[in-house]
Amino acid sequence: GLVRRQLNEVIHEQLEKMMDGTSPDYALYTGGARIIPHLTTRDYEVWPSKSYQVLWGLLTRKNVIKSNKASTVITPSVNVGECWCFNGTEGQIAIRLSRSIFVTHITYHHIGRQVSIDPISSAPKDFELWGANKKKERKNEIEYSDDFVHFLGNYQYDISGRPAQIFNVPDSIAMNNKRVRSIMMKVHSNHENPQFTCLYRLQVHGVNPL
Amino acid sequence: GLVRRQLNEVIHEQLEKMMDGTSPDYALYTGGARIIPHLTTRDYEVWPSKSYQVLWGLLTRKNVIKSNKASTVITPSVNVGECWCFNGTEGQIAIRLSRSIFVTHITYHHIGRQVSIDPISSAPKDFELWGANKKKERKNEIEYSDDFVHFLGNYQYDISGRPAQIFNVPDSIAMNNKRVRSIMMKVHSNHENPQFTCLYRLQVHGVNPL
Amino acid sequence: GLVRRQLNEVIHEQLEKMMDGTSPDYALYTGGARIIPHLTTRDYEVWPSKSYQVLWGLLTRKNVIKSNKASTVITPSVNVGECWCFNGTEGQIAIRLSRSIFVTHITYHHIGRQVSIDPISSAPKDFELWGANKKKERKNEIEYSDDFVHFLGNYQYDISGRPAQIFNVPDSIAMNNKRVRSIMMKVHSNHENPQFTCLYRLQVHGVNPL
Ligand SMILES: [K+]
Ligand SMILES: [K+]
Ligand SMILES: [K+]
Chain A
5 GLVRRQLNEV
15 IHEQLEKMMD
25 GTSPDYALYT
35 GGARIIPHLT
45 TRDYEVWPSK
55 SYQVLWGLLT
65 RKNVIKSNKA
75 STVITPSVNV
85 GECWCFNGTE
95 GQIAIRLSRS
105 IFVTHITYHH
115 IGRQVSIDPI
125 SSAPKDFELW
135 GANKKKERKN
145 EIEYSDDFVH
155 FLGNYQYDIS
165 GRPAQIFNVP
175 DSIAMNNKRV
185 RSIMMKVHSN
195 HENPQFTCLY
205 RLQVHGVNPL
Chain B
5 GLVRRQLNEV
15 IHEQLEKMMD
25 GTSPDYALYT
35 GGARIIPHLT
45 TRDYEVWPSK
55 SYQVLWGLLT
65 RKNVIKSNKA
75 STVITPSVNV
85 GECWCFNGTE
95 GQIAIRLSRS
105 IFVTHITYHH
115 IGRQVSIDPI
125 SSAPKDFELW
135 GANKKKERKN
145 EIEYSDDFVH
155 FLGNYQYDIS
165 GRPAQIFNVP
175 DSIAMNNKRV
185 RSIMMKVHSN
195 HENPQFTCLY
205 RLQVHGVNPL
Chain C
5 GLVRRQLNEV
15 IHEQLEKMMD
25 GTSPDYALYT
35 GGARIIPHLT
45 TRDYEVWPSK
55 SYQVLWGLLT
65 RKNVIKSNKA
75 STVITPSVNV
85 GECWCFNGTE
95 GQIAIRLSRS
105 IFVTHITYHH
115 IGRQVSIDPI
125 SSAPKDFELW
135 GANKKKERKN
145 EIEYSDDFVH
155 FLGNYQYDIS
165 GRPAQIFNVP
175 DSIAMNNKRV
185 RSIMMKVHSN
195 HENPQFTCLY
205 RLQVHGVNPL
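Protein chains in written order, with this note's numbering: chain A, 5 to 214; chain B, 5 to 214; chain C, 5 to 214.
Worth flagging that the hints you see were computed from the coordinates, not collected in a lab.
Incorrect hints may have been included.
Identical chains share a label here; the pair holds if one copy fits it or two copies do between them.
[As the list claims (entries may be wrong)] Here are the simulated DSBU-like cross-link-like pairs (lysine-lysine), alpha carbons at most 35 Å apart as the crow flies:
id: 1; residue 1: LYS54; residue 2: LYS73
id: 2; residue 1: LYS66; residue 2: LYS138
id: 3; residue 1: LYS190; residue 2: LYS54
id: 4; residue 1: LYS129; residue 2: LYS73
id: 5; residue 1: LYS182; residue 2: LYS54
id: 6; residue 1: LYS70; residue 2: LYS21
id: 7; residue 1: LYS73; residue 2: LYS138
id: 8; residue 1: LYS190; residue 2: LYS21
id: 9; residue 1: LYS66; residue 2: LYS190
id: 10; residue 1: LYS21; residue 2: LYS129
id: 11; residue 1: LYS66; residue 2: LYS54
id: 12; residue 1: LYS66; residue 2: LYS182
id: 13; residue 1: LYS190; residue 2: LYS70
id: 14; residue 1: LYS70; residue 2: LYS54
id: 15; residue 1: LYS21; residue 2: LYS73
id: 16; residue 1: LYS138; residue 2: LYS54
Start from the sequences and build out the full structure, keeping to the hints where you can.
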């Protein structure tokens, strides 16, 4: 058996490891990743039904319910409500990563069932990942094209599992894997919320050989 | 006894549980809760004593010491100074919750003694909780009245205890408990700071039957 | 050996201790500490090379790469990119602490190697600490002078060690230690990045007798 002092050391060590993190997140906003707006679904919005309220909403934004912006998905904190939502059950988010990488796995992190103030039916269910990379030179700047031609797999988020779920790119795909600079998450269904789907946090991991 | 590998697993699991949280906080700002300004005590302010400095302060806000706003109390981070303060030892904060609930318990979280840069005499001591709920229809919108008529108990925060303290609504009160949409924390005393009282974080927990 | 329930309690307790923190950070921004701008090295900036782009950059800040501001160093979060950078390998940051203290130790916290998206060559290596305190009265306000005359030691940050490293002020220095209100970290070298050096987080600990 272990004595108390040893136990404290093991706990401390394990905790520090978890706090420090284990691999870089190439989709992190503060690390330089950015949302590609024209390839990302529009934010969820609810406008009031009366016409005079719509006019009032246009002028003042009052009585208009609006999602946080999509960059919330590449920002670490995952308190209730710190998510981006889109209308309905199908939508996509495109992210220019901070580096061009070979994607090995991603983490999708939703809030836990037990802290949610609603049933978490708005969590994503089936989704695809795609990558893009083609460089073009334009006006002396390197630009990455928006052709998401590299398929990176089909995945499913399980709301009865842990809040943060890791999805590994299957070997069959990884073997033919292309280096990508941008990634797209295409959501095909959610957990039975017909009105909107919300994403809390996406992390993208991989290898970045020089 | 346990071997190291098993121990690491247990620690990891326990840690994830703590990180994920255990029950919804219906007072969380990002979840939709909001401060009710006209029922909340004015922010703590110190103005300079010289009249020309007061004038200068009015124009520029320079030399005026001012508390963070009250919504700081329903925002998770609790680093030193991330609190809302009011003048003296008595004051109140009113919060419109994100849902209407039967309140079961609350958590008040102050900074720890050991990280505070001052004696934590400005922490709240005796306080009451009240709830409000009456709906009224006004201009096609449901509005909740401000009549805090549901008494939810007397409590005392102990500065020699842990920073985050859970207060359960007593059974005698819970039995007659009404569903409430707003909550008020009325502070009656602090830990002997005559000038101001500061609140770091209030979480409100309960049941939200459909 | 320990049974599972006891183990969970020990883990919980240890975890809460780590979360609560152990000693005040007198350099924390939210606690009242502030950067002294005229004694702090200029932020890292990269301007485009073409003259028309420079003009464009002056007007719009587009194509100009600019570091976060220096107060990032006294702000807790240390996600990748949440740092302040200066040009080259030598620079300094001056901080007016929240209280005047006898400095006992400091913590410098960089991101971990394993989560960094680049080799962490931009981390500081050799650095000195200096303190300042002389009060002067000016226009009815107490002001602290900028004479950093109190030497507080030479230190070295080890990038193969843990992300957060504690540096104790040596006894020989502490014995003659003066109470200081401001502190300066003078960086003399980094881990072989010739272009820029980045600082993530500096915490300053000490004794604050009344
Ligand atoms: K988020
Ligand atoms: K707070
Ligand atoms: K920082």
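Tested hints:
For the homomeric pair LYS54 and LYS73, the shortest alpha-carbon distances inside one copy (26 Å) and between copies (34 Å) are both at most 35 Å. Taking the shortest alpha-carbon separations for LYS66 and LYS138, only the inter-copy value of 23 Å comes in at or below 35 Å, while the best intra-copy value is 43 Å. When the C-alpha separation of LYS190 and LYS54 is checked against a cutoff of 35 Å, the pair qualifies only within one copy, where the shortest distance is 34 Å, while the shortest distance between copies is 39 Å. Proximity of LYS129 and LYS73 under a CA criterion of 35 Å is satisfied intra-copy only: 21 Å inside one chain copy versus 39 Å between copies.
Proximity of LYS182 to LYS54 under the C-alpha cut-off of 35 Å is restricted to the inter-copy arrangement: shortest distance 33 Å between copies versus 51 Å within a copy. Taking the closest pair of Cα atoms, LYS70 and LYS21 come within 35 Å of each other only across two copies (31 Å); inside a single copy the shortest separation is 37 Å, beyond that limit. Taking CA atoms no more than 35 Å apart as the test, LYS73 paired with LYS138 passes in both settings, with 27 Å inside one copy and 34 Å between copies. For the identical chains of this complex, LYS190 and LYS21 are neighbours both inside a copy (32 Å) and across copies (29 Å), given an alpha-carbon limit of 35 Å.
Both within a single protomer and between protomers do LYS66 and LYS190 lie at most 35 Å apart by alpha-carbon distance, with minima of 31 Å and 31 Å respectively. Proximity of LYS21 to LYS129 under the C-alpha cut-off of 35 Å is found in both arrangements, the shortest distances being 30 Å within a copy and 23 Å between copies. In this assembly of identical chains, the alpha carbons of LYS66 and LYS54 lie at most 35 Å apart only when taken from the same copy (13 Å versus 42 Å across copies). In this homomeric assembly, LYS66 and LYS182 come within 35 Å of each other (Cα to Cα) only across copies, at 31 Å, whereas the closest approach inside a single copy is 46 Å.
Taking the shortest Cα distances, LYS190 and LYS70 sit within 35 Å of each other both inside one copy (21 Å) and across copies (33 Å). For the identical chains of this complex, LYS70 and LYS54 are intra-copy neighbours only, at 17 Å inside a copy versus 41 Å across copies, given an alpha-carbon limit of 35 Å. In the homo-oligomer, the alpha carbons of LYS21 and LYS73 lie at most 35 Å apart both inside one protomer (31 Å) and across protomers (29 Å), since each shortest distance falls under that limit. When the C-alpha separation of LYS138 and LYS54 is checked against a cutoff of 35 Å, the pair qualifies only between copies, where the shortest distance is 25 Å, while the shortest distance within a copy is 47 Å.
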